[in-house]
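**Student:** Take the given structure of chain A and dock chain B to it, following the hints.
Number of protein chains: 2
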Amino acid sequence: MKFHSTVLALVLALVPALINSAPTPEAKAKWVKSGRGHRVIPHDSRQAKRQYSNTTSPDAPVCGDAAAAVTAPVPNVWEDFTDQEAASVAYWLFEQSDLNLTTSEEAGEWDNSVLLVELQRPNKTDVIAYLDGSAPAPERYAHVVLNVRATEEPYYADILVGPLPIVANVTTWSPLDYYHTRKTEGRVRNLGANDDTLYEKLLYPTSASIKDITLELWNGTALGHDNDTITIWGVDPMGQEDDRITSWYMFVHKSATGFDTTSILSLGLYFLVDQTGRDPSQWKLLGWFYNNVWYDSTEAFREAFFSPGFEKLPINVDGPWATTDQSGPVLPQDTLSPPMAIAPAGSRYSIDVEEKYVEWMDFSFYVGFSRDTGLTLYDIKYKGDRIIYELGLQEALAHYAGADPYQSGTAYLDSYYGFGPYAFQLVEGYDCPAYATYLNSSFYVSETTHTHVNSICLFEFDADYPQQRHSTTTYVSATKNTYFSLRSVSTIGNYDYMFTYSFYQDGTVGVEVRASGYIQGAYYANNEDYGWHIHDALSGSMHDHVLNFKADFDILGTANTVQLVKNVATTETYPWSQGKPRNTMKLQRSFIESEDESRINFGENALTQVIIVNQDEKNKYGEKRGYRILPSSGTAHLTIQNSSSTVNSANWAGYDLQFTRQHDTELTSSHPYNSQDVHDPPINFDHFFNRESLVQEDVVAWINLGMHHIPHTGDLPNTVFTTAHSGVQFMPLNYLLGDASRQTVNQVRINYDAGHATEVETFGQKDDVCPLNNEVGDVNQELWEYVGDVVVRKYPFDPNHPFEEVLGIDK
Amino acid sequence: MKFHSTVLALVLALVPALINSAPTPEAKAKWVKSGRGHRVIPHDSRQAKRQYSNTTSPDAPVCGDAAAAVTAPVPNVWEDFTDQEAASVAYWLFEQSDLNLTTSEEAGEWDNSVLLVELQRPNKTDVIAYLDGSAPAPERYAHVVLNVRATEEPYYADILVGPLPIVANVTTWSPLDYYHTRKTEGRVRNLGANDDTLYEKLLYPTSASIKDITLELWNGTALGHDNDTITIWGVDPMGQEDDRITSWYMFVHKSATGFDTTSILSLGLYFLVDQTGRDPSQWKLLGWFYNNVWYDSTEAFREAFFSPGFEKLPINVDGPWATTDQSGPVLPQDTLSPPMAIAPAGSRYSIDVEEKYVEWMDFSFYVGFSRDTGLTLYDIKYKGDRIIYELGLQEALAHYAGADPYQSGTAYLDSYYGFGPYAFQLVEGYDCPAYATYLNSSFYVSETTHTHVNSICLFEFDADYPQQRHSTTTYVSATKNTYFSLRSVSTIGNYDYMFTYSFYQDGTVGVEVRASGYIQGAYYANNEDYGWHIHDALSGSMHDHVLNFKADFDILGTANTVQLVKNVATTETYPWSQGKPRNTMKLQRSFIESEDESRINFGENALTQVIIVNQDEKNKYGEKRGYRILPSSGTAHLTIQNSSSTVNSANWAGYDLQFTRQHDTELTSSHPYNSQDVHDPPINFDHFFNRESLVQEDVVAWINLGMHHIPHTGDLPNTVFTTAHSGVQFMPLNYLLGDASRQTVNQVRINYDAGHATEVETFGQKDDVCPLNNEVGDVNQELWEYVGDVVVRKYPFDPNHPFEEVLGIDK
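These protein sequences, in sequence, are chains A and B.
Under UniProt numbering, the first residue of the first sequence carries the number 1, and numbering increases by one thereafter.
Under UniProt numbering, the first residue of the second sequence carries the number 1, and numbering increases by one thereafter.
Extracted from the complex, chain A is given alone in its bound form (with noise of 0.2 angstroms):
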């Protein structure tokens, strides 16, 4: 179904200035969705820096910013589209008539339009076979995620379109729902379609009904005008009860400083509405609230107000208080330059650009990089051998909670915003090193590819501290603890997570998020239960980010185990006590058996060893290999039980692990529009818990990390990566029968005698060293070639053109 052109013509009219001047009604911007942020760049600059060289000796220095080239394997099959595929699926999907779509700078809130193109991830099942070379590569399918707004129940679908490339009467599209746990083709109810009729029709009026009252505690308006100073914020999730969509919507200053200072700057003036459905006319205000105090209509509020002694709440107002610029006393010596790390040799590492395959040392991995997660590894591999097939993030829940309800309310699941469009260009020098090697990535959003250039980063880095050493009264052996990584980081509106994944020369694998970017604040009013208060009407909400990510491990093969090894108080008598009791410790061994006993949390003084082993690959000795999982930083999971904001949408945040059983069909543990239908999510991961046997299956590890973070003083404006910090560790476990990192030269060992060095052991370490000059010095020049996200346009796609202007909803 499809509005007359005449009310297309009006829709589209309108869409300018809701852009420009009207809020967004969530606090996470919605640039993505909205079309916004199409810039046109020049050709030249839009090659990632720095991908490759063609130098390929191992031996010899690849100096500069390159990686050396490598070929892969095999082609990654998890690599996202080309532009040409996206392009020929978007093509495809405009001529079929059955799915009477619009382009997105056309449609309108009753039109269907296509959200997402990208490369539909092949079955594990089939890439095992692939990969070891039993069969041919898995057929690519398009994953497809349509609006589908022409209809009195909005909804999004999940389409399944192939087998690619495209080929007339074969390519068919089907729904796509064989991994979500909830079987309804594919369709997820959206409860967003109104957007903007919702603030023209509810939301702006009801904020105009007490223009009065906003200009006389704020002197602001907020009507969606150009010049209104104050906004209006919508909560997510929306409240989903009793067959009714609510929703609260609070009042926050927009930004005066230019800085993204919104999130912090609240009001403390609440309403909810009802919005069910499509029909505005059905929609209505339920209430105010303020100070504490619930007013069921307008004019109980404004008889309130108006009252004599009605208390006016003190507000927050932007200023440098919530700008990260530079402020304050300059320290001694700060001016000077820092230290830096430098690559004298160039990189020692090999990727193979056009399939996102990297090498180093004698590990080795493929990466994918998608819409809803961002970046995935696959088929890490150790010494030839994969250890894991699959590891990345799934979801990040921020779970706030608070006296207002519009923190009570807020549950973040930002896989809804999406990683991947998230994952903005990194700064040289300041993110990753100045010689860190850089690999873009791209998305797909209204019939465009955009590419944020530079938004991935790996290097190599010398830890502050060995890997290892022992002194003696002749002798002292040390090893350099050089380390590689891989790394991007997302902001999701207000927060910056980094993530990074990292190797090290013993075999261990770390994965790591840390968070910076602005707080969602609280109004301070009656928050105290809830936060600290940190500025003039600003309370440091509390809540809890519990990031859940899927560690697919295969350890020698899919028949694998976890064993927990447990650290238990004990008292004992032995053959050699004399009879006498001995208060001692001892392990204690088991084996989770089946999926009823899975989910698990490290625990106190973390007594517990969590190791995924094979139980059938014993080592000399008679032990199971394995890879041990190990907080390396702290991790948390929800404080709340049974929340009512995410009801079963993030059924995953309970534990610290949890194993299930590999299935294709429990592909991810969470589905971007969980929170569309709280109650009933298109994912319910506890629905994968139903007693499967877990002894030598294939396991996979859904681990998450997270904090609860009680914003103080410090964590303005930001919060910062220092102490904002969680990760883990998997670590080999009589894997090998020693300590791989004796394999390095980067070691030394000096003997000495009598005050005097007499023997300096540097085991064949070269002393290559490239040219400094373009690492040192004023690498912020560097700075000026930022370039922010670039598009591909899909729709129509002229290959002769892939970089010509794109007009955008907002030209």
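Hints may be right or wrong, so weigh each one.
Copies of the same chain are indistinguishable here, so a pair counts whether it falls within one copy or spans any two.
Claimed, not checked - Below, a list of computed lysine-lysine pairs in the DSS-like style, where the Cα atoms sit at most 25 angstroms apart:
hint, residue 1, residue 2
1, 254, 312
2, 201, 284
3, 580, 284
4, 618, 201
5, 312, 620
6, 201, 383
7, 381, 620
8, 381, 566
Don't read these hints as lab results, they were simulated from the structure.
As the structure is a computational prediction, the values presented were derived from the model and not from experiment.
**Tutor:** What follows is chain B alone, placed relative to chain A:
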């Protein structure tokens, strides 16, 4: 009492043979005690490198590895003795006839000698007044430890000598026990007084009595001869039940490779002796233990051994598997120089080397160094206000468990050995970045001062991640994370503990410990419940590392309180929730009221935040200013309850955090001789807890770092620092009004539009760069300057030849 000189001559004549060939009776090397390691080095290489330059301008680069000079505001009252001070005290002691002292070189088992001459750290009560300008510097006293063995009941004696400098008829000595919980005039029994005789009269004869068996089992003997291939190690602590002193001994292979491998070469045969008292005729063998069978006499063991069917178990043999040198194939690109850190504008901190006073950015502190615990930081100030009066290690427990009596009994309390004497020279470019600044440390042994050159390093470092960043569609802001660290490494026998104190620009202070070096392995037989089988006949003996730190916080004065803020799940009904209860969370705030409730854990899921606040110092928003104690990586407390090995000697080990009211009489949580009387140790930490109020008192935090270590094959040959680490951070919480890192100029803001940077703001960063030739290239050349330890003779002390050659007793 003193032996007749011919007896003394006999004893001395025996010593060289014992030293050169004899086993050390403990797993921990005893070279400090035995006087080995005296070396001669040329005068000119004896100064610490790179201590300071004369450049004092804060804006000009201090190129090279020097730090800018600064003058400490007041002299360092915790500073170690000068050589002259120590020598003067030693002279004076030998003049006191009531002490009846013999020089260490000449002393036998029945002589009194001086084990330690060191500054007695002044009382906080006195120092605070001095620092605050209201009192003169406290008088200096020497802490002396006497080894009183000219008696049937040998003991160690802590005594105080002073005031200093020595003035005839004014300076006196007195028993030192004011900070012991046990008041026995500072005297602690010495269980090791007879060590040499014990080996001569009991242990070697016992070993000789089964020479046929040791030859058959291991083709070797332990007789105290140079060519022994086997040696005998005694357990620490000794058995101390029922007024008897017993000890288990085990046979181990001596190193055959020249590497320090003995702790992983256990042979599986143990014997128990009663060694109570000083009369060798009363000592006796109690029995043998082999392959889980107890034999109550040598005859019983012998009979069994030569019976048919006696099972002779395999053994651990030294070899390449146990050595740390490079081994295995060299990895691709590994011979190229890896990344390294450089300091392009030299150092950006200032040191008063004379006073061991350090300034970095807006932090300052004094450094102290002691025999028992190595580094301590004093008077840590941030932005001019003291935040911590004292921060340092107290004790390190390594508590083992096992099926055999040696592992089961082992519970090292490492301050017995001392962290000071074992803080060896650091390896430049490996232990610390190549550009680090180094300080020396010194310690007293055998009337001499030893100096470990370059055993403390200080350096700034650029983390591999920024401290802050935020991206939007129009700008990105990012701030470098340059932190400052102070580090030393103490190798206590087999283990290398790396201690790092770090300072961050947001005001955070970090304390970290990492462990490398050799594990103490167990013999494999029957040890399945206590470790993995990791080599031929080796079990990775399970053990808990627990390291206690004292952090005497003074947040805006000494009146502080510990606040706990706990995330708790809750169900609440709100004025706005339409009467519906909501499952959410809230904060539960409380204060630790007294020492009754002050022994706590971080607990499962890290739900509790622990904050030291000053309730009388609120910020403008009414929040109490404070510092949070935050785990930065895993921490651990002791698994074992009421340990039969440590009894009352490590009562600090059972919790993550413990808080007491500061008393000058509760100076340290442990005493280095606690192991000598585990039932009634000189300092029993439990006695600190006597219900005193902790509300706005001078609160001291006793913090445990640690690891539950179950060594696996990857711990061979050495444990790696990469995964064996523990750390805690002290983070300002509502302490300032915003994040202090905004002060740094080492940040950037890039504005962009349409694919181009439009502004790159670098806030006045300079690009002064020093010549880099010294830093890059063959850094390893400098390793030839490694010298080991240096000695200064104190008695007789010749100030004209302070570094003259000194004969150790092995000459």
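**Student:** Next step is simple, just say for each hint if it's right about the structure.
**Tutor:** The hints, checked one at a time:
no., hint, verdict
1, 254 - 312, "within (20 angstroms within a copy, 81 angstroms between copies)"
2, 201 - 284, "within (10 angstroms within a copy, 97 angstroms between copies)"
3, 580 - 284, "between (78 angstroms within a copy, 20 angstroms between copies)"
4, 618 - 201, "neither (68 angstroms within a copy, 47 angstroms between copies)"
5, 312 - 620, "between (76 angstroms within a copy, 20 angstroms between copies)"
6, 201 - 383, "neither (62 angstroms within a copy, 54 angstroms between copies)"
7, 381 - 620, "within (22 angstroms within a copy, 55 angstroms between copies)"
8, 381 - 566, "neither (29 angstroms within a copy, 42 angstroms between copies)"
Checked against the numbered hints above, the structure violates hints 4, 6, 8; every other hint is satisfied.
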